[in-house]
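Same order as they appear, the protein sequences are chains G and C.
Heads up: take any position in the first sequence, counting from 1, add 4, and you land on the working numbering.
Heads up: take any position in the second sequence, counting from 1, add 239, and you land on the working numbering.
Everything labelled a hint here was simulated from the structure, so no lab data went into it.
The model shown is predicted, which means the values in this text are computed figures rather than measured ones.
It is possible that some hints are incorrect.
Listed next, the in silico DSSO-like pairs over lysine-lysine satisfying Cα-Cα at most 27 Å (straight line) [claimed, not checked]:
hint, chain 1, residue 1, chain 2, residue 2
1, G, Lys-8, C, Lys-424
2, G, Lys-59, G, Lys-71
3, G, Lys-9, C, Lys-249
4, C, Lys-424, G, Lys-101
Over 10 Å on every C-beta distance to chain G, these chain C residues come out as not near it, computed from the model [as the list claims (entries may be wrong)]:
hint, residue
5, Glu-248
6, Arg-252
7, Ile-263
8, Val-266
9, Phe-289
10, Thr-292
11, Lys-301
12, Ile-326
13, Tyr-332
14, Ile-369
15, Asp-375
16, Phe-425
17, Pro-432
18, Thr-454
19, Gln-458
20, Ala-496
Cβ coordinates follow ideal geometry from the N, Cα and C atoms, glycine included.
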Amino acid sequence: MTKKKFLLTSIMPTIFILGALSVYPLIQVIYLSFIDRSLVQPGSGQFVGFLNYAKLFTDRRFWNALKITMYWELITVIGSMGLAILLAMLIYRNVGKLFKNILTLVFILPAVIPRVAAGYTWRFMYSPLLGLFNYFLSVLRLPNIEFLSNSNTALLSVALVDIWQWSLLLSVIILGLLESIPEEPIEAAQLDGATRFRLNLHITFPIIWSGLLSLVFLKIIESLRSFDLIYIMTKGGPGIATETIDLYAYSVGLAINGNISYGASMSFIMLVITIIIATFLWRFLRHET
Amino acid sequence: MKHKKSITEKISRYLLIIIAFFAIFPVLWTFINSFKCLTDIITPVPKIFFNPTLQNYVEILKLSSLKNALLSSFIISTSSVILGFIIGIPFAYSIARFQFKARENLRFWVITLRMLPPVATIFAYIYLWINIGLLDTYISVIFTYLLITIPTIIWLSIEPFRNVPVEIEEAAMLEGVSYFQVFFKFALPIAWPTLIGGVLFAFILVWNEFFIALTLTSQRMTLPVAVGAYAVVGMQMDWGQLSASMILLSIPPFILAGLFRKSLSSYFIIKI
């Protein structure tokens, strides 16, 4: 058996299956977005050109979804990365090995909870009548907050659950980055009497900078999968206050009117956004090394 | 100097204990609630002391819909992970071991697939499975999940294969052992202890998956979809039973993540 033969047999199955599973939907989504196909009306499916995209352009609800998605990205990416960096710095060089191991285990568990379960858990804690948060508010004689049914607080309340799951996990990963830093420059700086703050600013931070940035990119992409959490907690409501693009695409394309072509046009836009971000990530990482 | 440092250490330690408590609290609270009867849950003042009961677990395990969903979840997750393993592992090995022209582009392609948001492809899949009459079957979900399991397993297996000492393989080759035998008899068994983490991580991902399962299944719904269905039914939710089913749903990822947490972090660090 030659090397070439082995190489081909080992990589062809993946290329074939992943190719089918990814190229097919790409073509299908583009095709669907150019016709007028509905799941509930048989016989529909005429070619309509860019009509779906033109409709998107004037669809206020789509622009709202785009705006909510951007807010969601900003809140969850900044919130979870910021908190994760703080947590990692709090753990780094401050705690013993056993304590650190327990902490990392405790911090990882919330991240692997199925989003469905995480969503319900917090929805119950947010509940106006039965929830813990409002109980504590009432103990403090503060007015009740309808966390999930007030359009001012709903998005932030759901985002907090995402931040809870992600900041803890990210802090463990950032801790790993910090611990991979060689000892010498830090010890040298400490001998020179550098304060902890300056140490972090001038030595630790520049070393882990590219690692942190790649985590930011990853979190941006992971945050685009917000569907499950929002669906469980608010279903996009109240009104459309927490309706991100995936929720809108789902409700227009499948749940409510089965307008699969219109949904597909939104899919395609999401696809383009993701590919752009992923390409940036890849370029950036190759540039760094 | 030394004295000052120990104070910051102490403060950080107490702070971390408090943070760890809050981090795990929502999980604990759900766990506690799953042993309460409904009257102990629906109280204006949350109850910490109550008569623990297994009633919620007994009730949900009587529900045929939940039992079916548990079975579906096991069948779908296990099959898609095993298939993903069989298909992805040789690919990861070749990427780790051999230099060839398309290598870097193939790696990039595999990673981007893992990053695709499900909403970008879901309409194509639902259209496909409707057209070939396989919507709401195990097969359709298992195949769609290969898009998650294959890239994840490849992603997490390249590094373990790189860590297999190349000398062992070369020595075997000199003895006249074929590439296939080197892979099966040396590379795979040596890398196995570190490979398993990635495989189990892929299992967690598909076990937890909600969006694709929600759109592709109704009779064959998986456990997250079955638990998620409470959101549709429920004005008046039975929080006790819901808590019990959430715990049931979370047990497999908890156990796997606890055992293999090291591979969890390597998933998020991209090494070129």
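Tested hints:
Our distance criterion of 27 Å between C-alpha atoms is met by Lys-8/G and Lys-424/C, whose separation comes to about 19 Å. For the given pair, Lys-59/G sits about 17 Å from Lys-71/G by alpha-carbon distance, which is consistent with the 27 Å threshold. About 61 Å separates the Cα atoms of Lys-9/G and Lys-249/C, which puts this hinted pair outside 27 Å; it is violated. The straight-line distance between the Cα atoms of Lys-424/C and Lys-101/G is roughly 37 Å, outside the 27 Å bound, and the hint therefore fails.
The Cβ of Glu-248/C sits about 5 Å from the closest Cβ of chain G, inside the 10 Å cut-off, so the non-interface label is violated. With a least CB separation of 6 Å from chain G, Arg-252/C falls inside the 10 Å interface cut-off, contrary to its annotation. The claim that Ile-263/C is not at the interface with chain G is violated, since a C-beta of that chain comes within 10 Å of its own (minimum 5 Å). Residue-level check failed: Val-266/C sits 7 Å from the nearest beta carbon of chain G, not beyond 10 Å.
Separation of Phe-289/C from chain G is adequate, the least Cβ-Cβ distance of about 14 Å exceeding the 10 Å criterion. In this structure Thr-292/C is separated from chain G by more than 10 Å, as the shortest Cβ-Cβ distance comes to about 18 Å. Once the 10 Å rule is applied to beta carbons, Lys-301/C is consistent with being away from chain G; the minimum gap is 20 Å. Separation of Ile-326/C from chain G is inadequate, the least Cβ-Cβ distance of about 5 Å not exceeding the 10 Å criterion.
Not every Cβ of chain G is farther than 10 Å from the Cβ of Tyr-332/C; the closest lies at roughly 6 Å, contradicting the non-interface assignment. Not every CB of chain G lies more than 10 Å from the CB of Ile-369/C, the least distance being 8 Å, so the non-interface label is violated. Consistency note on Asp-375/C: stated as away from chain G, and its beta-carbon is indeed over 10 Å from all of that chain's, at 13 Å minimum. Residue placement check: Phe-425/C keeps its beta carbon more than 10 Å from all beta carbons of chain G (closest about 14 Å).
Distance to chain G confirms Pro-432/C as a non-interface residue, since its nearest Cβ pair spans about 19 Å, more than 10 Å. Thr-454/C, annotated as away from the interface, has a beta carbon of chain G within 10 Å; the closest lies near 6 Å. The beta carbon of Gln-458/C sits about 17 Å from the closest Cβ of chain G, which is more than 10 Å, so the claim that it is off the interface holds. Consistency note on Ala-496/C: stated as away from chain G, yet its beta-carbon is not over 10 Å from all of that chain's, at 4 Å minimum.
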